[in-house]
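Engineer: Spelled out from the first residue to the last, the chains are:
There are 2 protein chains.
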Amino acid sequence: MKARYSLKVFWICCLLLWQQGLAQQSSKVKTAHPSLLLTEQGARQIKESLGSYPLLDQSYAQLKKEADKALKAKMDVPFPRDPAGGHTHKQHQKNYKTMQAAGVVYQVTKDERYARFIRDMLLAYAKIYPILPLHPEATSKTPGKLFWQSLNDCVWLVHTIQAYDCIYTWLSPEDRNTLNKQLFYPMTKFLSEESAYSFNRIHNHGTWTVAAVGMTGYVLGDQELVEKSLYGLGKDGKGGFFAQLDQLFSPDGYYTEGPYYQRYAMMPFVLFGKAIAQHQPKYNPFAYRDSVLVKAVQTTLQLTYNGDFFPLNDAIKGENLTTDELVYAVDLVYGYTGQRELLSIANMQQRVILTAEGVAVAAALSKGEAVPFNWRSMAVRDGAQGNDGGIGILRSVAEPDHTCAVFKYSAHGLSHGHYDKLSILLYDKGQEVLQDYGAVRFVNVLEKNGGRYLAENKTWAHQTVAHNTVVVDGQSHFGGDIRRSETSAPQGLYFNSENPAVQVSAATTTDAVPGVKMSRYVALIQDAQLQEPVLLDVFDLASDTEHQYDLPYYYLGALTTTNFERKEIVGTTLGKDHGYEHLLLQAEAKPGKGAAQITWQNKEQFYTLTTAATDKTQVLFTQIGATDPDQNLRHEPGLLLRVPQAKHYTFVSVVEPHAKRSTASQVAAVELLVKSATGMAVGLRLASGEERVLLLSKGPVSAGPSEVILDGKKVRWQGTHWYGLRGELPVNL
Amino acid sequence: MKARYSLKVFWICCLLLWQQGLAQQSSKVKTAHPSLLLTEQGARQIKESLGSYPLLDQSYAQLKKEADKALKAKMDVPFPRDPAGGHTHKQHQKNYKTMQAAGVVYQVTKDERYARFIRDMLLAYAKIYPILPLHPEATSKTPGKLFWQSLNDCVWLVHTIQAYDCIYTWLSPEDRNTLNKQLFYPMTKFLSEESAYSFNRIHNHGTWTVAAVGMTGYVLGDQELVEKSLYGLGKDGKGGFFAQLDQLFSPDGYYTEGPYYQRYAMMPFVLFGKAIAQHQPKYNPFAYRDSVLVKAVQTTLQLTYNGDFFPLNDAIKGENLTTDELVYAVDLVYGYTGQRELLSIANMQQRVILTAEGVAVAAALSKGEAVPFNWRSMAVRDGAQGNDGGIGILRSVAEPDHTCAVFKYSAHGLSHGHYDKLSILLYDKGQEVLQDYGAVRFVNVLEKNGGRYLAENKTWAHQTVAHNTVVVDGQSHFGGDIRRSETSAPQGLYFNSENPAVQVSAATTTDAVPGVKMSRYVALIQDAQLQEPVLLDVFDLASDTEHQYDLPYYYLGALTTTNFERKEIVGTTLGKDHGYEHLLLQAEAKPGKGAAQITWQNKEQFYTLTTAATDKTQVLFTQIGATDPDQNLRHEPGLLLRVPQAKHYTFVSVVEPHAKRSTASQVAAVELLVKSATGMAVGLRLASGEERVLLLSKGPVSAGPSEVILDGKKVRWQGTHWYGLRGELPVNL
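Those protein sequence lines, which keep their order, are chains A and B. Counting from 1, position 705 in the first sequence corresponds to residue 705 in the working numbering; the numbering is continuous, with no gaps. Counting from 1, position 517 in the second sequence corresponds to residue 1517 in the working numbering; the numbering is continuous, with no gaps.
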């Protein structure tokens, strides 16, 4: 027995040693290095192309400058201590960037100083990593070791493993062994098994995690790590890269958290995707699910105005197409598809990644192959099956300073989602006209909660009243309950941008506020008699019981005039909860029945909102930033249309950019002329006196023709809408 | 008797006719045309130089484009009706611009279409002018006819007379006769005799008036009009161009109304000056009074930060060195002085005027003769004799993004002056850090009181509390009485920028608040241990009776942190009058004894104010824009240091830009260590722990050495100040 037992132990030990040896052995034998993004051939191409393509030269010079600067600096691998924005946080970020840069430069130049820099730094990490506790500033349920949250550890690894890959064959077996045993294996273990929640999560954190672990698996030649990364810890397809591709994107490539996180999430998807394509081409990740990754990159680009992402959900404003993530995404997808309109984006970015794809982009650009990217009107579906509402984008033209309305009827979008069903945004002449506040967060400002989200992100930014949509009875949609909100997205009724002169998008929800059917019809109208495109906004509410309906519009700029008296108010917050406590009431008015007009100035440009007021309508003028002891909110204006008590009510308004520098509105009035079971007629009177009618189907359009009685006649139309002179209504259809 | 009487009448009539004939005759005989700014030779130079100097080509092309566009448009000389910003206002402005442009193009090309355009338009004006009443929108005591105020009529004439000058010889004698009789003579009569108040006024309106009339006098060859313009209606030197040059500028070329109006006023001065120089070179206007016109242009350029004028007094923000006025001023003064640093300003302006001087500038620039303009630290004296205080400008370096403190201890500055004795402004990295609000006015926004100054300009912008200076007992300086304020300017104590590492400016007043001596010492310190220059601000108050002392700082950006607790306040205005009614109180704090620190973020940049708080010190956090029914005010933040009851008190603070993107302050504390009859010692503790002392003479410096007892030792220094380590105080001087 004893002998057999010993033998068994012996065999088990052998097996373990063999497995470990195999892991290391196989990486030596099977895998070429580098081969995650940059390959030996890619490095050769870069070397041979330098001096030929300006964008490549520039990008390489920048990277080399970074690497050279790092080589001269004193190495600093501090014991992790600070939260986001603090010294150790920034230093570890800097380290992975400089290691990655040095890796590329080493591959291009074969100058060993760069390799030694990486080796020495990695060995310094290997020295501390095994003894690292969880980060002292960890406050989330996904703590990191190098950083306060494991997400940042993953980002560190995604970059660092590329550097390791670049010097892998150069390293001595001893150093490789030390690094594998003391750094990369412990780290992948920590990020996979020991962080199972993150690893298996269908969420951008999950994507970063599987990308980090999977890419490391490829470099270490550890197929087990790769398999888990592709299919989840249980290798059962419930988590991992493919499950994430299946569930996080809609068939149109919309990422459920919205554009800001879509930008961020694209990075691990395209990086890991590229690594998979190189190592296991059979998976063909860029073709997977009807090329959803390619669509996702295209959609990310579409979800912008003048290069800036629509700031939906928890978004930091000002992030744009030139961020690192999009440089990777655009170059790698160009490498796969050769789509020439991506080149014009690369041209905006003014840099390329240092891989064969980057060379191809720079080469194509220098040969003048770029064609303009076509930002266009489109409806983007949300939800894995495409059934969870979406985003309607209406653009006047494809040029940079165009007018653009964004209609959000998407799903909640996970933890970073807002209670903003049927909200709209408006842009014009390069600036925000009706804004989405975005997130309450000062990224990298240590003093502001370590750069993390602030309390007002939930109490203000998430709330319905922080958006350009209707709040019923002063309460946020779904009562501000994410579990309820996650269960129901609005239903897209129709989207029609066939005729650029009149484009419409409509959606509805009966769940956001139980007992109240909310439907919104957004039209972008380019009337030959108007100098500028206008937004016609119809918000229809129907309930069997009485409610207070509030419709805020967060215009940016300074109020100049109203065509009605305002009463100034000092020192009242608009309410006590659901975000109303953050609104300071500055003035109120009862314009009375008729067209109420409010004009404001934003930089050199004037805008007017014309709304059909009734006897009941109140207009409240507000400022964001009350109940804000730490002054975390931006003090920006808003106006709020209020109907205190109504069952059925339809807000009808026009938001109109003025002609350049003009202070005169071209719209005199707007009103709901009539509403039937199937349609609505909205009247628009121009300052010139001419009268227009927009007939809107209540939708969905498949329901057949719509009909209203107007001017004593039966008016009937097919499809989504009809627009024209009041004297030429389609009465004889 | 009857015969003799008739004879007398006859002779008088003859004399009158002869005079009138002479006027017309002499203009034909004596004067070359054109000769105001552009001359025949200048036009020839332009023609010959086109194609050689890019800036000339560009400027001429722009002018020609304007003229060509006007030639194609339908002529519109409307009957005056609208206030500033309205159609007829804008059209008459457009007309004088296009006529002037067409005049230049005619002289260069001799293409008669341009001459005909001017003739036809002038004849259209001649048709309506004789029957024009005062403008229907006239509200000032200086009504115009074409415009709501006569000032604009003058501006119209200054431009139009140049166009007339350009086609004078081309015109038929009949047309000339018509235009002289029906347009130019009636207009000069209206603007001189019938507007005697404006004409004789020592004020920028006066300068525009005499320039318009005087330039017209030269073109009509009417020396009487010229003499009146040079010496006032009474030709006694009490008014007119020279009296204005004597009284409106200080010996340093500072214009008493401040930079914004200085920019505006420069235009008629240099235009009329040039016309005088061409017609009556004996007057040598650019050499007059020790070249005060040249100095004035130089000083105008110095009164800027990154090209923008310091917004002192009633200033519209954003006006900069590239305005038309400065293009004229720079080119004409270059023509006189040949100062090569003016060329770099012309390069910023990217255009030149179309005269011989413009050709010279464009030629010199294309030959690379420009040298950088030297924005430097300097004290600029105010007052005709240079005795009425001034402006201290402290700059860290001459580069665009430098740190710059502006200390205003000038005279009131006529009707556009503010009650802001001893106020400061701070700039850094291209942006305003501590702002002056400027004026409450929306230029050209018809809906905002026709684009004129708004009520809040007086109730807010003029008031002391709207500025970064001390308000005593909640009342503006001089009780907000301009008559009192005009009688007393602060006294400059000293200015010392010899050593760029520590520059100081000090001034005092005992008149702004009777019974309270107010003295301010402003130092810009560039300490080798600090990454950025800091502003050290000492405001010393002395009274025999108790007062409330308020010192506001109008920082721009968003508060990020304070090192003390703040209590949020909702809905209180800070007071009822003197501008306090326009401040909304948002939070208050009693930081307690020690260094109170307030940090804010402006775009990417952080700033900290560190102040020595006592047990009494209150810090109020405010927002501009309460009691503002028409929303005329910008909602911008401020903080206010308050000492509720004190006789003697010294506010000591440091305002510190952080290193780029850093959120960490490098200053730990500041305090007043000791004060004596002759000097003060201010202690500065850096975050590194090192201690510095700034010894400041109380001034004036001529008073001899200063002395304090510090750390038990007698510390003595000569001159304005001493700065160094606390351990190395000058005890053995």
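Keep in mind that a hint or two might mislead.
What the hints assert, rightly or not - Partial pick of chain B residues on the chain A-facing surface, computed with a CB cut under 7 Å: (1) G1237; (2) A1243; (3) Q1247; (4) V1443; (5) V1445.
Unchecked claim - Ranges between beta-carbon positions, derived for each pair: (6) A:A664 to B:Q1062: 20 to 30 Å; (7) B:R1634 to A:K567: 16 to 26 Å; (8) B:T1573 to A:A455: 26 to 36 Å; (9) B:D1290 to A:K567: 40 to 50 Å; (10) B:G1727 to A:K69: 47 to 57 Å; (11) A:G515 to B:G1592: 47 to 57 Å; (12) B:T1678 to A:K567: 51 to 61 Å; (13) B:R1634 to A:R661: 15 to 25 Å; (14) A:Q531 to B:G1318: 23 to 33 Å.
Hints were generated in silico from the structure; no laboratory data involved. Keep in mind it's a predicted model, so treat the numbers as computed, not measured. Heads up, the beta-carbon is just placed ideally off N, CA and C, and yes, glycines get one too.
Engineer: Report the numbers of all earlier hints that the structure fails to satisfy, in ascending order.
Structural biologist: 1, 2, 3, 4, 9 and 10
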